[in-house]
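The chain contents come next:
Number of protein chains: 2
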Amino acid sequence: MEYTFAERVRNLSGNAIREIFKVLSDKEMISFAGGMPAAQCLPAEKVKQYSGELLTENPVKMLQYGETEGYMPLRESFLRYVKNVGIEGYTVDNALIVSGGQQGIDLMFKTFCEKGDKILVQNPTYLAVLHIARTYQLNPVGFDCGEDGVDVDDLEKKIKEHRPKLVYVVPNFSNPTGKTLRLETRKKIVEIAEKYDVVVIEDDPYGRIRYAGEHLPSIKSFDKDGHVVYITSTSKTIAPALRVGLTVADERIIRKMAICKQAVDVQTVTLAQAVVERFISTGEIDRGIARSLPIYKEKAEIMLAALDKYMPESFVHTVPEGGLFIWGEFTDGTSAKAKFREALDNKVAYVSGNDFFADGSGDNTMRLNFSNATPEQIETGVKRLSAIFTK
Amino acid sequence: MEYTFAERVRNLSGNAIREIFKVLSDKEMISFAGGMPAAQCLPAEKVKQYSGELLTENPVKMLQYGETEGYMPLRESFLRYVKNVGIEGYTVDNALIVSGGQQGIDLMFKTFCEKGDKILVQNPTYLAVLHIARTYQLNPVGFDCGEDGVDVDDLEKKIKEHRPKLVYVVPNFSNPTGKTLRLETRKKIVEIAEKYDVVVIEDDPYGRIRYAGEHLPSIKSFDKDGHVVYITSTSKTIAPALRVGLTVADERIIRKMAICKQAVDVQTVTLAQAVVERFISTGEIDRGIARSLPIYKEKAEIMLAALDKYMPESFVHTVPEGGLFIWGEFTDGTSAKAKFREALDNKVAYVSGNDFFADGSGDNTMRLNFSNATPEQIETGVKRLSAIFTK
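Protein chains in written order, with the working numbering: chain A, 38 to 428; chain B, 38 to 428.
This is chain A alone, in the form it adopts within the complex:
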């Protein structure tokens, strides 16, 4: 039969990273796409130990239906953990466990946005947010990133101009640019949110992955009246395929998000939640991060050196202090988008930068992930890129 799909999906193509994912099963492919943690950082032994313990100690709890809001010990432990970023004074009524940080974003859009609403995002921003926005038929508008990730003057101007329902910001090692907000910018974002009474989503999956410089308090830590919703994830600090994240927000928001979560997946996998709880309460999450950081730092340095050595002069790039990405730009306008298919044919993958821009610009940019490839693959992959872009 011929189907008539809903308007929201009729012309919707897949999320670029997810679509690239499918070609990565090719063993020859070197991928700088995705945002995958290094394979050697994935703590399989500990996951095995903790899940074995949990299924022995509390078998029914692990397998029976549980609360939509989340496994209570995890809500409590996670709230203690985010004191690291200055988030204090909240109770479990302010905490919702989500099936990965991305579900937190999706539930926020579901809770707040009508079809046609505007949301403000960094330009460029995390491309999945643009994809989620399309599924709600929203209009994302980009504001300038400035030096540290948010040009606060442009943010204020765009709020006045567009009256957005939500503002979405990645504060640390922003995806894709790797930029990190200065302390003053964080405070100023809260001031602006209060002045215009707008809700800010602070999405912080990368904050703990810092291998240079100092940790900074979250935007949420300066929030006095429920203007900031903090979302974090364990995809980059424990393992992505466990799909466990946290949302901290005013309890009226958490309540609405939980009612939406009842509909979409009933609850997050309890065993995954309990394993994450054990990582947090034993401190293993931090020991794991401490072991990962030198690995990421080294990989970043190898990629930076290879880019400087092999890529053409017109290619400029960021030097990240954390996170998983280097952001590159061709100053002569060379299109990374146009070369993408050729790159795949030559067995190297990246994400074409235009996918991160709300306004569709950025053809001359690319996001390079350095965490998943081996040092040898990084060297070889950058050589392959260089061969394509120096022709």
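Honestly, the hints are just simulated from the structure, not real lab data. Any given hint might turn out to be false.
Identical copies go unnamed one by one, so any copy, or any two together, can satisfy a pair.
The list that follows gives simulated cross-link-like pairs (lysine to any residue, SDA-like), each with its CA atoms no further than 20 Å apart [as the list claims (entries may be wrong)]:
| id | residue 1 | residue 2 |
| --- | --- | --- |
| 1 | K83 | Q101 |
| 2 | K59 | D130 |
| 3 | K155 | E193 |
| 4 | K152 | E44 |
| 5 | K376 | I425 |
| 6 | K155 | V46 |
As the structure is a computational prediction, the values presented were derived from the model and not from experiment.
Given the coordinates of chain A, work out where chain B should sit on it, guided by the hints.
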């Protein structure tokens, strides 16, 4: 600050079962609400064994990002498994792994329905479907269940009258009534779907939980041209908190659902998928079901006997051949809804039947779950109910 929530959630209260869930932490409470498998049927030892093996054999695959469409070995095994219900001739492009069967329903609504659209549901139907429908601002219309779960004449009449986007049917041990469609009804539903070119969601979480009578082929097994979308779950056959289900549909539908799934949760937890795969490929899923059936049969019989012994004469009920529920009705119009608070105060919980009716009727009905309470609790709980309803 004062929030302006989206219209879809502004007046949305929680799913009745999920809300009841929160009071069940009271140790004195005997719950006939929920649809929880018996605790002794939850296979914690096998989940521990399989997850340990999988994390040893294939640690990176278990923890790294995986495909949105699902863990390939599970898509293959699950497709073989549904040959049990006559679903044959499909490839992995027709299979989407979902985070519980409920996500399959949610993604179908997201893929097909606009705000204001009508969908047809059994009257009464699974209450979560009414809840999901509210989050998309749909108008569910009930058709008569007749003797076996679908009055096909009324279904056809309602399709002509309302031109629904989707029809939702639970074919086996329907929630809440426990009714099972006869073979002729299944064939007739496909005929009607073809005649009016409408898509039918066949939601089958309970089909394997049959302790009397014969298994029947699925509605989907009679589908020739993509009119039926089959959804099943392992919540009742393995464990609910693993959140693993399957959707089988035309590949154009699967593609749209997968693009939506990219947005909502990226992927289902890989370890949970791989554990389920092992249950299926080793045959342990069927051995577990075979062990569970006598337990469910006995509990059902204990509840039926207690209801006949203690409840007032005006209370009539179904005698199920499978599934987890008994459906009761007060022929004198006594309101189960009105007595619900009193029941909770007296430490017994059920689901008031009106929550299952698209038209809000059914105050004089109730759904009783017998699978989760112990035999002693069933006896005691029914006595408590009787004390309330014979006053």
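Hint-by-hint comparison with the structure:
no.	hint	in the structure
1	K83 to Q101	between (23 Å within a copy, 15 Å between copies)
2	K59 to D130	between (39 Å within a copy, 13 Å between copies)
3	K155 to E193	within (14 Å within a copy, 42 Å between copies)
4	K152 to E44	both (11 Å within a copy, 10 Å between copies)
5	K376 to I425	within (8 Å within a copy, 74 Å between copies)
6	K155 to V46	both (18 Å within a copy, 18 Å between copies)
When the structure is compared with the earlier hints, no violation turns up for any of them.
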